[in-house]
Amino acid sequence: MKDSISKPITRVDAPAKISGAAKYIGDIHFENQLFAKTVRSDKPKAKIVSIKTPSLPDGYYIIDKNDIPGINRMRTVVSDHPIFADDEVNYIGQPILLVVGPEREKIYEIVSQIKIEYKDESAVFSIEEAEEKGTVFTEYSYSKGEPEAAFHDAVKIIEDEYHTGLQEHVYLEPQGITGEYKDETMFIYGSMQCPFYVKGAIQDVLGWDSDRIRIIQSITGGAFGGKEEFPSLMACQVAVASLKTKRPVQMIYDRDEDIICSTKRHPSIVHYKAGLGKSNQVIVLNIDIIFDAGAYSELSPVVLQRGMFSATGVYNFPHLSVRGRNFMTNNVPSGAYRGFGAPQTIFGTEMLMHNIAVKLGVDPLKYKINHLIKRGDPTCTGGKIRDEVKLLEIIEKVEKMSGYRRKIERRKKFKGIGVSLFLHGCGFTGKGEATIKGKIILKKNGDTVILKVSSVEMGQGAETCLRKIVAHTLSLPMEKVICETIDTGLIPDSGPTVASRTTMIVGGLLRQASLELKDCWNEANEIEISKTYKHPDFLSWDDDKFVGDAYPTYSWGANVAEVEIDSLTYEINVKKISAVYDVGVPIDEKMLRGQMQGGIVQSIGWATIEVMNSSKGKLAQHNLTDYKIPTSMDVPEIACKFIENPYEFGPFGAKCAGELPSAGAPPAVAAAVSNALGIPIKSIPLTPEYLMEIDKHED
Amino acid sequence: MVEGFRPADLQEALEFMAKHPSIPIAGGTDLMIQKARGFGLKPDFNKPLLFIGHLRELRQISVRNGNIHIGASVLLNELIKNDKIPEALKMAVRQMASPPSRNLATIGGNICNASPAGDTLPYLYAADAFLVLKSSQAERKIPVGKFITGPGKTTLKSDELLTEIIIPDKVFSANYYKKVGTRKGMSLSKASFTGLADIESEKITDIRIAFGSVAPTIVRSREIEASIIGKPVSEIKNAVPEIVKKFAPLIRPIDDARSSAEYRKQVSLRLLENFLMKLT
Amino acid sequence: MKIEFILNDKKRVIQVDPASRLLDILRDDFELTSVKEGCGEGECGACVVLMDGKAVNSCLIPAGLIEGRHIVTMEGFRKTERYKVIEESFLKAGSVQCGFCTPGIVMSTESLLRENPLPSEEEIKEALSGNLCRCTGYNMIFEGIKLAAERGKGLW
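Protein chains in written order, with our numbering: chain A, 1 to 699; chain B, 1 to 280; chain C, 1 to 156.
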């Protein structure tokens, strides 16, 4: 592995982060800066009758919908979220106005004096209620084969329903943005994944040309999807505030506020109807997916799409019909969260396969293996699995690492083992990449190469990874390959930092450009190469009918979880996770191991201890005392390995990676818990309260 | 801006309290959260602050006349490291909060906060701990169970300080502690259980049972304990259902953001049963 | 209230509201921005600093409590040889991702190694239980601390 791209190197961003020298947005003080605090709705659904504000001292301002020169909506997939509430509110925490001024204490005093009179309206609080009332945002469906006829032929029909809950990202750095109107230009600084999303949103809100708007990312302390669309909203608000006050305006959320109003993982209910053939094989599957999108639609349509296209997991079901619906409720809007809808449906499908196998009295892993998709098979949307599928090799490896076969045969009550198989579609869904057409620039300047991309470092290692791809190609030391500042005035739009697309798509463009640069390296002292993404011709996608290749290729994985459950308290102790992944070729084995381990622990949190309930639209857990994420004492031993399976169009053969682990650990843990208790598991989080209850009923 | 006073010794602290209604702060870990207002903002205190964490008189641990005396400002992490502290108390303290908070938080603070989920309390109730409350004029000594009257409520007078916790220095042959939190590290209790017992010549000679987080204050019943004392160990197994039945009405938990009343009750009674079965 | 304390080896005298949080004093008055605010309720550990050599949550400390104490933040600690060892070990082990929790974790590491220069994995887990990390899943931080303990033998 000496010269392999996978050989670990030191992360370029780590020294400043360890020493504490790294400046996050809250650490940067702008001259003459003002602070902003948001006044929010405390009603789940109401008309605003009146807003009474106190008389403001000098230098203090109220910023609301009347200050918006452009459109009062945040630009995203569905641009329906108001920057500031018009005359109605649709969830608790919806922003109504800002109080802006030089002293935090005074701002809080003013906020406490603002009185808003509402007229309550009838609200919808759960997906079930929304389904009853029919408050649908989006509805899609697709099918494969002849599901109706196949159900006719089925010898056995099994119906089941699976539930997953809310999850809060808990990036350690809360959301924060500073806006500065200077020299006829709006500068936005802050913690974010997608500078060009923010730029587009600001354009709409100010109604300005794009050359007067610059978005500059600051060091971003974790995101996981939580800083995909949400920072656009904050950026629009501070931009309007800075335009009005002509001073820099900083808005940093405290944790409570962040949890109350920021986006979450979509809660889901997935209903299955499976038809089994004579050999007990699932020959037909009906999948009905519903997501709680919350009060505004925003990104939810594409989250739902990924959920729908991932819902068959790693299996090839000959006949299939899939329906997906996003429901409007008066809960905080759901949005992007690592895995983007796929972990929800993969959880359901993995547990369905597990539970059917247990019901039939066969080993779940063997049962799953009988359904695996292979190279050359059609995908669920009638595309094609073009690349080699090494699932059997992955399974063999994970069985060996975990001793799965030996352990599952010696089952004892309260001790269990479970396996999950999963995939992730690489890059944007459907025609996403073809639409966004990511651009990159590579510039040689003497003995140095500058790479210009809009993919941000947010903890996942993007900067090191992208520089490494270029340095490795050009045989240059890392310090000779540098990244341009993430400033939309200086970089092209290579697309947002989402969908596990950074390494494969943006890194792929950089690899191509580096190879070209290598060929002409000696021709001049200064050379600039730009590349624009071109969707491979062999991929086709019909966005209306959902037919074709939803993704260019897939990454794959298998997890084995071992758990012990306290027989008195039903607390789960996840003892070990064994994980094997095919992400093509790891660009840096150690960084990737960090991504996988972090994703495993984060998703174990979702599956076990991360409980978030809302009652009448109000979150019961809105601080870190009540919303618990795993601590150092809660993490299992993790064994993590990769198998190489180079992807022709990825840089050095790399595919997608960062979201893959989110889909794997929850069903593995749930299967292990099911194994330990001898009962089917159909819902997460697996709280001791829930387990004690269902175990009692099974007895 | 509130006033702050940092007395040189206990006497000065008590004299200050006699004159000024004030808020004593030893470690501050509970108060600072209760009074927190948000990032970058000062906590919302409305009375002068009296800092007592540094007072030498409140930082001693000693054993005198068969009693362990613990100063109210002794830090939780100091309790864990001190060899005079009973293991059953250490078991509880080790699972409280996290190391950086235990380097600030004090035993006196945990008692005066009077939370139903206060993790030193089940042990202190079970061990028959007494509290010393001092004012500039007087001193009184009362059992911990008489001090705490409800969630966040105590009989502490405005001019009084909790100065010392007195625990009879008695070693039990059975020490049982279980805290049920949401996760292994840094959790508030959903339920907690302390069981202490002595067995001599195959008979239960002493037993103490205390439940945390399942009622407005810690649950302990001397009456039920007395009904167990004197029983031969061999009879315990058969008596378990009866004992559990007697405790059941005393366990009156609530539903909240952390757990459900039903679970708390079930798990508390299961822990009781487990403790009793372990004695046999 | 007038408070005198030692901050990163320098004597400081400040006039403050006694209820002010040490966290704000460090960040706002002394511009020591390695100290982060992640929750404001002692849960996340991003604000951990050393007080008399021990890890403490600076968001929970009112100003009146620091009289006469030695406070060390990363800005002071990063000048030491022990810091260099921790830095190298964290780099080697891949202990850092987004970095927001990292200064607090380094402070907790220093506090642990001072008390226990060769901690077991269980002791490391216990010592870090007040520092949340959402990126790494912790295992590579444990590796970094083990490596620091080995490499820095004799320094603690």
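Treat each hint with caution, since some may be false.
[What the hints assert, rightly or not] Just the calculated beta-carbon pair ranges, DEER-fashion:
hint, chain 1, residue 1, chain 2, residue 2, range
1, C, K10, A, A639, 16 to 26 Å
2, B, Q34, A, D211, 47 to 57 Å
3, C, N116, A, K65, 55 to 65 Å
4, B, K278, A, S122, 32 to 42 Å
5, A, N32, C, K79, 24 to 34 Å
6, B, P151, C, K10, 53 to 63 Å
7, C, N116, A, E644, 33 to 43 Å
8, A, L360, B, D206, 47 to 57 Å
9, C, K11, B, M1, 18 to 28 Å
10, B, Q34, A, E88, 31 to 41 Å
11, A, E105, B, P151, 41 to 51 Å
No lab work stands behind these hints: they were computed from the structure. Backbone N, C-alpha and C fix where the C-beta goes; we use that ideal spot for every residue, glycine too.
Checked hints:
no.	hint	in the structure
1	K10/C with A639/A: 16 to 26 Å	violated (47 Å)
2	Q34/B with D211/A: 47 to 57 Å	holds (51 Å)
3	N116/C with K65/A: 55 to 65 Å	holds (57 Å)
4	K278/B with S122/A: 32 to 42 Å	violated (55 Å)
5	N32/A with K79/C: 24 to 34 Å	holds (33 Å)
6	P151/B with K10/C: 53 to 63 Å	violated (44 Å)
7	N116/C with E644/A: 33 to 43 Å	holds (41 Å)
8	L360/A with D206/B: 47 to 57 Å	holds (55 Å)
9	K11/C with M1/B: 18 to 28 Å	holds (24 Å)
10	Q34/B with E88/A: 31 to 41 Å	holds (35 Å)
11	E105/A with P151/B: 41 to 51 Å	violated (30 Å)
In terms of the numbered hints stated before, the structure departs from hints 1, 4, 6, 11, listed from lowest to highest.
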